[in-house]
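Since chain F is already given, all that's left is putting chain C on it; use the hints.
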Amino acid sequence: MTVALPPAARRRRDRTTLYVWLFLTPTVLLYGAFTVYPIVGSYVYSLTDWNGFDASPSFIGLANYQEVLADPMFWSSFRLTLTFMLVAVPIQVLATLLIAIVLNSPRMPLRKLFRTALFLPVVTTTAIVGVVMQFVFDPASGPVNLALREAGLAPDGVDFLGQSSTALGTTIGVYVWKWFGITLVYWLAALQTVPNEVYEAARLDGAGALATLRHITMPLLKPFLVIITLLSVEASLQVFDLVLTMTNGGPFYSTEVIEVYIYRWAFAATVPRLGYASAAAVLFGLFVCLVGMVQLLAMRATRRTRGMA
Amino acid sequence: MNAATVLRRLPWWLAAAALAIGCLIWIYPFLWMVSASFKTSAEVFTKGLDLLPDAPEWANYERAWVEAEFGKYLLNTVIITVCTVVVVVVRCAMTGYVLARHEFRGRKLIMGVLVATLFVPAGYTIIPLVDLSQKLGLLNSLTGIILAMSGAANVAAILLYFGYFRGIPKELTEAALIDGAGFATIFFRVMLPLAKPVTATVTVLTFLSTWNAFFLPLVFTFSRPDLRTVSVGMLAFVGENATDWSGMAAAATISLLPVVVLFVVLQRYFIEGIAGAVKS
Numbered sequence: 000m001t002v003a004l005p006p007a008a009r010r011r012r013d014r015t016t017l018y019v020w021l022f023l024t025p026t027v028l029l030y031g032a033f034t035v036y037p038i039v040g041s042y043v044y045s046l047t048d049w050n051g052f053d054a055s056p057s058f059i060g061l062a063n064y065q066e067v068l069a070d071p072m073f074w075s076s077f078r079l080t081l082t083f084m085l086v087a088v089p090i091q092v093l094a095t096l097l098i099a100i101v102l103n104s105p106r107m108p109l110r111k112l113f114r115t116a117l118f119l120p121v122v123t124t125t126a127i128v129g130v131v132m133q134f135v136f137d138p139a140s141g142p143v144n145l146a147l148r149e150a151g152l153a154p155d156g157v158d159f160l161g162q163s164s165t166a167l168g169t170t171i172g173v174y175v176w177k178w179f180g181i182t183l184v185y186w187l188a189a190l191q192t193v194p195n196e197v198y199e200a201a202r203l204d205g206a207g208a209l210a211t212l213r214h215i216t217m218p219l220l221k222p223f224l225v226i227i228t229l230l231s232v233e234a235s236l237q238v239f240d241l242v243l244t245m246t247n248g249g250p251f252y253s254t255e256v257i258e259v260y261i262y263r264w265a266f267a268a269t270v271p272r273l274g275y276a277s278a279a280a281v282l283f284g285l286f287v288c289l290v291g292m293v294q295l296l297a298m299r300a301t302r303r304t305r306g307m308a
Numbered sequence: 000m001n002a003a004t005v006l007r008r009l010p011w012w013l014a015a016a017a018l019a020i021g022c023l024i025w026i027y028p029f030l031w032m033v034s035a036s037f038k039t040s041a042e043v044f045t046k047g048l049d050l051l052p053d054a055p056e057w058a059n060y061e062r063a064w065v066e067a068e069f070g071k072y073l074l075n076t077v078i079i080t081v082c083t084v085v086v087v088v089v090r091c092a093m094t095g096y097v098l099a100r101h102e103f104r105g106r107k108l109i110m111g112v113l114v115a116t117l118f119v120p121a122g123y124t125i126i127p128l129v130d131l132s133q134k135l136g137l138l139n140s141l142t143g144i145i146l147a148m149s150g151a152a153n154v155a156a157i158l159l160y161f162g163y164f165r166g167i168p169k170e171l172t173e174a175a176l177i178d179g180a181g182f183a184t185i186f187f188r189v190m191l192p193l194a195k196p197v198t199a200t201v202t203v204l205t206f207l208s209t210w211n212a213f214f215l216p217l218v219f220t221f222s223r224p225d226l227r228t229v230s231v232g233m234l235a236f237v238g239e240n241a242t243d244w245s246g247m248a249a250a251a252t253i254s255l256l257p258v259v260v261l262f263v264v265l266q267r268y269f270i271e272g273i274a275g276a277v278k279s
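For the record, the sequence lines run as chains F and C.
Using numbering that gives the first Met the number 0, the first residue of the first sequence is number 0, and each one after it goes up by one.
Using numbering that gives the first Met the number 0, the first residue of the second sequence is number 0, and each one after it goes up by one.
Just chain F, same shape as in the assembly (with noise of 0.2 Å):
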């Protein structure tokens, strides 16, 4: 078939082929080098002992990985990735979904301001914010503790971020706040995608308020809860920048998270160890796909639900 094509449209398809490869060089080119080849190259990494000073790393097989998974740090850093995300997600998606209800009607007042406040956390740096809540919840002279202070709640103040049995907690919240408004705003598109006429219809045949939200606004809003599930989970096992900031994975690693422990044996230990270092990673990028996989998988089945229904 290909000998059969003029010469005029072969040469039109040609130099299509051409462009076709021309437009996707950027992508291969720096996707290729700055995350498929970190991809492929942690796996290597991780079978070898390398401080990142000598000039070449030296093959040691499976070690680290049995190492990692001897680490007691490991495991519990691991458990507290998992731990901020069983607490942050269902709190993040749960809570932005009855105030995106609330601020969805056109009958409540201010509706653009309150939304705007409650977005604004979103637009700022996250290191930065991290740094300015270490003085909000200062012990001494933070905000929080003069106020439970002056409420007459603490008299000697609560050391939220220096102390183990609260630095977790604390920093949650905040991550909470840091980004609830970016899934109130998914929300309230979700909710856009409703029609009207579809409500109007309801009030018609003399359903309630509470009848309406139980019978149409959730079932329709399924589909958008498992991918705003999956965005928070996804963004919530990557926590690093605000808890490195904000507590550095202390006090006595309470707050030590997957990518900080990461962190700290590749680039914050006296002798960094890459190698030992990539194996957690690897380890913790298994993980994550994982838990994208089975997310995926769960919304190809409510898609197919819906479109049976």
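Mixed in with the good hints there might be a few duds.
[As the list claims (entries may be wrong)] 20 Å max Cα-Cα, derived DMTMM-like pairs, lysine to aspartate or glutamate:
1) Lys46/C to Asp48/F
2) Lys278/C to Glu233/F
3) Lys46/C to Asp155/F
4) Lys111/F to Glu271/C
5) Lys195/C to Glu271/C
6) Lys134/C to Asp48/F
7) Lys221/F to Glu233/F
8) Lys177/F to Glu233/F
9) Lys169/C to Glu102/C
[Claimed, not checked] Label pairs and their computed distance ranges (CB to CB):
10) Ala235/C to Gly156/F: 25 to 33 Å
11) Asn240/C to Ile90/F: 28 to 36 Å
12) Phe103/C to Ala7/F: 35 to 43 Å
13) Leu212/F to Arg165/C: 28 to 36 Å
14) Gly21/C to Leu81/F: 44 to 52 Å
15) Leu261/C to Phe286/F: 55 to 63 Å
[To be verified] Sample of chain C residues with no beta-carbon within 12 Å of chain F, all distances over it, derived:
16) Asn1
17) Thr45
18) Tyr60
19) Arg62
20) Trp64
21) Lys71
22) Ile78
23) Arg100
24) Ser140
25) Arg165
26) Val189
27) Pro224
28) Asp225
29) Val260
None of these hints come from the bench; they were simulated from the model.
From a predicted model like this one, the values you see are computed outputs, not experimental measurements.
Even glycine gets a Cβ: it sits at the ideal position worked out from N, Cα and C.
Relative to the frame of chain F, chain C by itself:
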């Protein structure tokens, strides 16, 4: 308004009042930060929750801008963000377009690799990425940060463009072809302008993630303090001047203010852009 209307409206106004108080607490950390940036170091401790300083202390800003070099950090951040957004938009649009509308050898492979790497955490790729950048001589340079940031996982952006271009009817391209338009013309003159909503979404999301970026600029500027972004500069400032709280507040205000002003001015685009990510 009669009594019935007032009664019907009352729950909404009560909800609004509750939300108003909530929102005030919500943005209080920013108000407190801005106020602390105008206080003297002593006032930060003594004035408590009071937001108004006795007299605005501009010296804090001078320290943050000149001594701590936040002016320079701000410029670095702007350069990195603008360049990254441009590169990401152009490269993701071109890739999404080609994948959506052309059959070629290797297409399935590229699609497969992209989808398989949709959820790659930053901590996963950072070590080989730094090593490669070092070998290429890109470490310790703004160009290196920009290239690494524009090459890091932007699969979602490609898929957004992919989905959008896929939905555009074939007749449109055919009509343009008959008019004598070439490959590049069709893309830049017809397709890219059509995809404005996707471009808005990708721009906003890339802008936020790049402006926010911390891990990559941190490890790329370990030995070049003059190339720090505001987030990295902030961390270093705290490390060196743990006691200068009013100076830190000023530095934070300098770093946050431009993006907050930008958001307030372009609010509609920010919100719609982000909403676009979930709608499609």
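TODO: Could you tell me which of the hints above the structure violates, numbers in ascending order?
DONE: 1, 12, 14, 15, 17, 23, 29
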